[in-house]
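Let the hints inform the model, and build the full structure from the sequences given.
There are 2 protein chains.
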Amino acid sequence: MKDLSFKIEEVPQEWLALGGRALTSTIVAAEVDPECHPLGPNNKMVFAPGMLSGTPAANSGRNSLGGKSPLTGGIKESNVGGTSAQIFAKLGVKALIIDGLPEDDSTFYHLHVTKEKVVINKVPELVGKNNFEVIDTMMAKYNNKVAVMSIGRAGEMKMLISNISVKDPEGKIRSHGRGGMGAVMGSKKIKVITVDAENYKEATIIDKEKFTKANKVFAKSLIDHPVSGQALSAFGTNVLVNILNEAGGLPSKNFRLGNSENAEAISGETMAENIKARNGKTTHGCHAGCVIQCSQVYNDNKSEYLTSGFEYETIWAFGANAGIKDLDIIAKIDHVMDDIGVDSIETGVTFALAVDAGIIDYGDGNAVYKILTEDVANGTPLGRVIGSGTGNLGKLYGLVRVPVVKNQGIPAYDPRAVKGQGVTYATTPMGADHTAGYAVATNILKVGGFVDPLKKDGQIELSRNLQIASTFIDSTGMCVFVAFATLDNPDSMPALVEMINARFGSNVTVDEMMQLGAKILKMEREFNKNAGFTNAHDRLPEFMKYEELPPHNVIWDFTNEEIDSFWNF
Amino acid sequence: MKDLSFKIEEVPQEWLALGGRALTSTIVAAEVDPECHPLGPNNKMVFAPGMLSGTPAANSGRNSLGGKSPLTGGIKESNVGGTSAQIFAKLGVKALIIDGLPEDDSTFYHLHVTKEKVVINKVPELVGKNNFEVIDTMMAKYNNKVAVMSIGRAGEMKMLISNISVKDPEGKIRSHGRGGMGAVMGSKKIKVITVDAENYKEATIIDKEKFTKANKVFAKSLIDHPVSGQALSAFGTNVLVNILNEAGGLPSKNFRLGNSENAEAISGETMAENIKARNGKTTHGCHAGCVIQCSQVYNDNKSEYLTSGFEYETIWAFGANAGIKDLDIIAKIDHVMDDIGVDSIETGVTFALAVDAGIIDYGDGNAVYKILTEDVANGTPLGRVIGSGTGNLGKLYGLVRVPVVKNQGIPAYDPRAVKGQGVTYATTPMGADHTAGYAVATNILKVGGFVDPLKKDGQIELSRNLQIASTFIDSTGMCVFVAFATLDNPDSMPALVEMINARFGSNVTVDEMMQLGAKILKMEREFNKNAGFTNAHDRLPEFMKYEELPPHNVIWDFTNEEIDSFWNF
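For the protein sequence lines, the chains are A and B, in the order given. Mapped onto my numbering, the consecutive letters of the first sequence carry residue numbers -2 to 566. Mapped onto my numbering, the consecutive letters of the second sequence carry residue numbers -2 to 566.
The hints are simulated quantities; they were obtained by calculation from the structure and are not laboratory data. Accuracy of the hints is not assured; some may be wrong.
Pairs involving identical chains hold if they fit within one copy or between any two copies, as the list cannot separate such chains.
To be verified - Okay, derived cross-link-like pairs now, DSS-like style, lysine-lysine, Cα gap no bigger than 30 Å in a straight line: (1) Lys526 with Lys453; (2) Lys4 with Lys250; (3) Lys542 with Lys526; (4) Lys(-1) with Lys250; (5) Lys367 with Lys142; (6) Lys114 with Lys(-1); (7) Lys542 with Lys443; (8) Lys250 with Lys186; (9) Lys452 with Lys207; (10) Lys186 with Lys542; (11) Lys273 with Lys516; (12) Lys519 with Lys213; (13) Lys142 with Lys443; (14) Lys(-1) with Lys542; (15) Lys516 with Lys526; (16) Lys542 with Lys4; (17) Lys217 with Lys205.
Structure (C-alpha cells):
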C-alpha cells in the first residue's frame, strides 16, 4: 500500500502444498515482525483459500485471513465462508498479501484483483458507507458473483471489535470475525477488495476420479452424522442454546450463571418456529457446496427480512449473557453489526460487560441497538469505549470480572462447566476462541467419545488433539463442523486427506496432516512468544478460579502447571 | 479489607534492614501472585517509609508504595514526599500492608493508623469528595500534622490515571503518581488513610553522633552541588524546559519535535518571574528536612493561590507536548489534577495524544480543564477514555504513534535525543519512568561525567548503573535529586551509607548497598517475568525506530540485542 503497487510472485516450493491457516500463519511467521504495531506499516494481511477451496469438495469454501491482531497482540487466523475462497482458488491465487500503509492516506482505497493484476483506486465516495451498501455497489459495478471483502464504519475507525465482511452467495454477509482484523484493513486505508474470476471455472485437480470418489465418502460422512446432518440444519447453530443450558454451561449475566432464564425464548427451537411461521428459510449455506446448511434467513413478524447467518454465539451473547429476551431485537442487532462491521461475539460479550459498567441495563436490547447505530457507527466516546472490546472496556471501568483470554472475549461455553473448552480458550494462540479446539463436541455432544465436562481428567489431551486437528482442518478450507464426522466416522478424515492427494497429486497420510497441524500450532505459539507472550498469558480470568458457577457450583481448578503441560508435544 | 480486621506483626529478621522500595518490592514479590488481577482480591498495597525516613537526615522524607500496577500489569514502586514517611517511621512502622476487598463494598472506608491499632470505619460522607476537601476534613478531625493519604473521584472510579494524594507539611498535595495505584486503593474501597504520630518524636538512631556528622557531610554535598543547590531551588524542576529545549530533546506535539515554540512561555525562568511578581514562593520543600526546596507556590495575576508542586513534567506535558502556552491555565489544570487525583504525567501525555485522536485541539487548555472537571471527575464515557491513560486511548482510537512503554506514558525527555534515558524507559520494570535511572543527568546536565545523548555508546552501562543506584536511593527515603551529589561528590554516597549504619548499628558498605539495589531490581524484573513480561516488553514504541526527531533528526537505533544486554549483570 505504501506506493500503491502490486507484484505477482511465484509461490515458493515449500509453501506449495499449504493453504488456509497453514499458509497464512506460515507467511505471517516468516514476514511479520512479531514486535510490530498491528496498525503500523509493518503488519501484513494475508488472505489464503484452503487447500481444497474452489474444488467440488463438500464444505471447502472457507478463506483464511492472517496477520498480527490489534485486539490480542498475537498472531491471528480467522476464516470465513462466503465466496472469496472459491474465487481466489479458481484464479489460482494461493495468497493475497497486503503490506504497508499508503503515503497518501487522505481517503480510502479499493483493490480489484483479477488473474492479471491488482487495480488500486481511491474511493472517497465509499467512505463512511456500511457493508451492505458497499457490497451492492460492487455487485452493480462488476457482477453478482464477484467476491467482495469490505469494512464498515467500525473498521474505518480502526475499532478493535471491527471485522471484515465477505459477501455470501446471496449478497449477504459472512465475517472474518475475531481479532479486530477490520482495524488492520482500516489502518491500510482499504475500504473494499473485490476479486473477479468470471472466466475461471474451477481449481485444478490432478486426479478427478479419485477426487470425486473421496468427496462422495466425505460428503456422506457429513450428512450421516446426527449433528452435522440433522441438528445443525434443523435449528442452525442455535440448537446449542438448549443443549448448553441443560448442561449448565450457558454463560449468563456476564458469566455469573450457567443457566439463562431466557433460554427457551432465544432457543434454536423457538427460532425455527419463528422462521417457519414468517416465511423465512431454516436452511441456507454460507458458501456454495455446503451440505450442512446451518445458516438461515430470519424474518420479522411481518415476514420482512431481518437477518441471515444468525448464529448461536450472537444469540447467546445478547440473549443469555446480556439478557435480551427478544429474538427479533437480537436479529436487528445482528443485522446492524454486519452492516457497520463488528464481530458479533466480541461486541456481545462487551455489551454484557457494559451492564456491569453501568452503561446499559440488563436485557435492554433497544439501548444496545441505539449505541451501535448512534455511538459505535459515529465513533462517539461511548462508541469508542464499546468499540474497544471486552478487555479494554474492563480496563476503562476498573472491572475485575472480565471474561477475556489474551484480551479476546470468551465465547458461549463457560470454561468452568465445559472444561475441555476452557483448556482451548486458555492455550490457543488465537485468544479465547471456540473454534480452535471445539471440546464441546466431546464434553457435551458426546462426539468422538465422552470426556466429563465438569472434571479435569482427559481435558488437556482432548483439547490438544482437537486443536491439532482443527489447525489442519482450518488449512483445508473446510468448515469447523466437519470435525463431528471426522471424530465419529473412521472413513471421514482419510477421505478428506484423499481429496488433497487427488487434487495435488501428492501422497500424504492422515498422520502427516496431523503433524502439519501440530507444526503450525507451534509456529503460531512461537510468533506469540516473540511478540511478548508467555505461559502467564495462557490463563483464564482470575475470577473463574474463586467464583463458583451455578448450577454445578464449579470453579476453574486447573493448576498453572497442568495448563502449561498442554504444550508438551 | 475482607473482614475489616488488622494485625500487627513483627518484622521478619531478613526484612529488618530494608526500607522504601527495597521493602515494598520484597514484600510484593513474596506475597502477591504475579498473575493476579491488580484490582481483584489478591493484590496488595504496601506502604513503607525509607530506611532513613523519620530521622533528621536531609531529604529523607519519601514514602514508597508497592503493589501490582493496573496500568502496567507489572510491579510498581512509587515514592512520594509529604509527611507520611516520617510519621510511619516515627511510629516504628516498617510497612503498612493492605490486602483483600471488603465484603461490604456498598461504600468507602477510612483507615486510621496509630501505634496500637488500625481503626476502619465507613465514610459515606466522603464519597465523591476530592482530595483537598478530604485532607481539610482529616486535619480538622485530628490535627494539622496527621498524615493523610487519599484518593479523589478518579481513584474511586478505579481510573488507570488515578494516583494517591499525600498531604504535605502545608496541607497541600504530593502524589504517589505513576502506575494507577489510586485505582488499587479504590478497588479496596479505601477513601482515605490517616496516620497519627502525635506523641512520637523521631525514629530511633543507634549512634546519634555518627549520624549527625554524616548528615552534615551529606547535606553539604546537596547544597554545594550546582543542580541541587542552585538551579532546582531557583527555578524548580521546571528549569529543565529551556535545558531540554536547547538539547533538542523536549518532546513536543506528541513526540513529533524535540523543540517547542512554547519553551520560553512555559520555562522555569518565566515561572520564577511570575512567582516573584505575584507574591508566590519560589522555594518550598515537599517534606520537612528538604534542603533542595525545588517546589514552589504559584499564584495567579491577582496574587491568588493557583497551585504548588508545579513540576517540569506537568508543565512539559501540557505546555510542550499538548501545546498549551499559558502557564496559568496549566497551573489551574495542575490544581484540579491534584484535587480529583490523577497522575499529571500520565494525564498530560494522554491529552497530547487526545489531540491526535481529534478529541481536543492542540493548545486548547480550556478544553483540557473542562474535560477534567466535567468528564473525568464525573466518569462520563469521554472521562473514562481519558482516565484510561495513554496506551488505552491509543487502542481505542486506533493510533500508532503512542508514546508508552509497558503501557505507561513516556515522560519529558525524548528517548531518541536523550538515549540513556531511553534505555531507562525501555528496561525499568516500572514502565516508562524518568526517575528509575535519570540518565538526563549525565547525558544533558553533565553530572557524573558526560555521555553524548545522541550516541548509543555507553548508554546501556550508564542506565544500568543509575538504575541500580536509584533502586538503593529509593530505598533510603531520599529524593531522587540526591543523585546529583552522589554522582559528583565522592563524599556524598559514603555519608549516606554511614547514616544507615549509624541508625541501625550496622556496618554495610557502599558496594553492598549497590548490590542490594541490583538484587531488588532483578527481583522486580522476576515478578514481571512471572506476570507475563518478556524482553519484547523492554521496547520503545515502534514509531521511534522509523520516525526521525528534529532538530537532530535522530531515531531510536538500538537493536533488541543491545537493549536486552542491559540485564547482563
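To see whether the hints hold, each was checked on the structure:
1. Lys526 with Lys453: For Lys526 and Lys453, both the intra-copy (26 Å) and inter-copy (27 Å) Cα distances are at most 30 Å.
2. Lys4 with Lys250: Cα proximity of Lys4 and Lys250: none, with 50 Å in one copy and 37 Å across.
3. Lys542 with Lys526: Close inside one copy (25 Å) and across copies (21 Å); limit 30 Å.
4. Lys(-1) with Lys250: between (46 Å within a copy, 25 Å between copies)
5. Lys367 with Lys142: neither (34 Å within a copy, 53 Å between copies)
6. Lys114 with Lys(-1): within (17 Å within a copy, 66 Å between copies)
7. Lys542 with Lys443: within (26 Å within a copy, 53 Å between copies)
8. Lys250 with Lys186: between (37 Å within a copy, 24 Å between copies)
9. Lys452 with Lys207: neither (44 Å within a copy, 66 Å between copies)
10. Lys186 with Lys542: Intra 42 Å, inter 22 Å, cutoff 30 Å: inter-copy only.
11. Lys273 with Lys516: Neither: 46 Å inside a chain and 71 Å across chains, both beyond 30 Å.
12. Lys519 with Lys213: Classified as neither; 33 Å inside a copy, 62 Å across copies.
13. Lys142 with Lys443: neither (39 Å within a copy, 69 Å between copies)
14. Lys(-1) with Lys542: Intra 47 Å, inter 17 Å, cutoff 30 Å: inter-copy only.
15. Lys516 with Lys526: both (15 Å within a copy, 26 Å between copies)
16. Lys542 with Lys4: For Lys542 and Lys4, the Cα distance is within 30 Å only across copies (27 Å; inside one copy 51 Å).
17. Lys217 with Lys205: Classified as within; 18 Å inside a copy, 92 Å across copies.
The structure does not agree with the numbered hints 2, 5, 9, 11, 12 and 13 stated previously, though it agrees with the rest.
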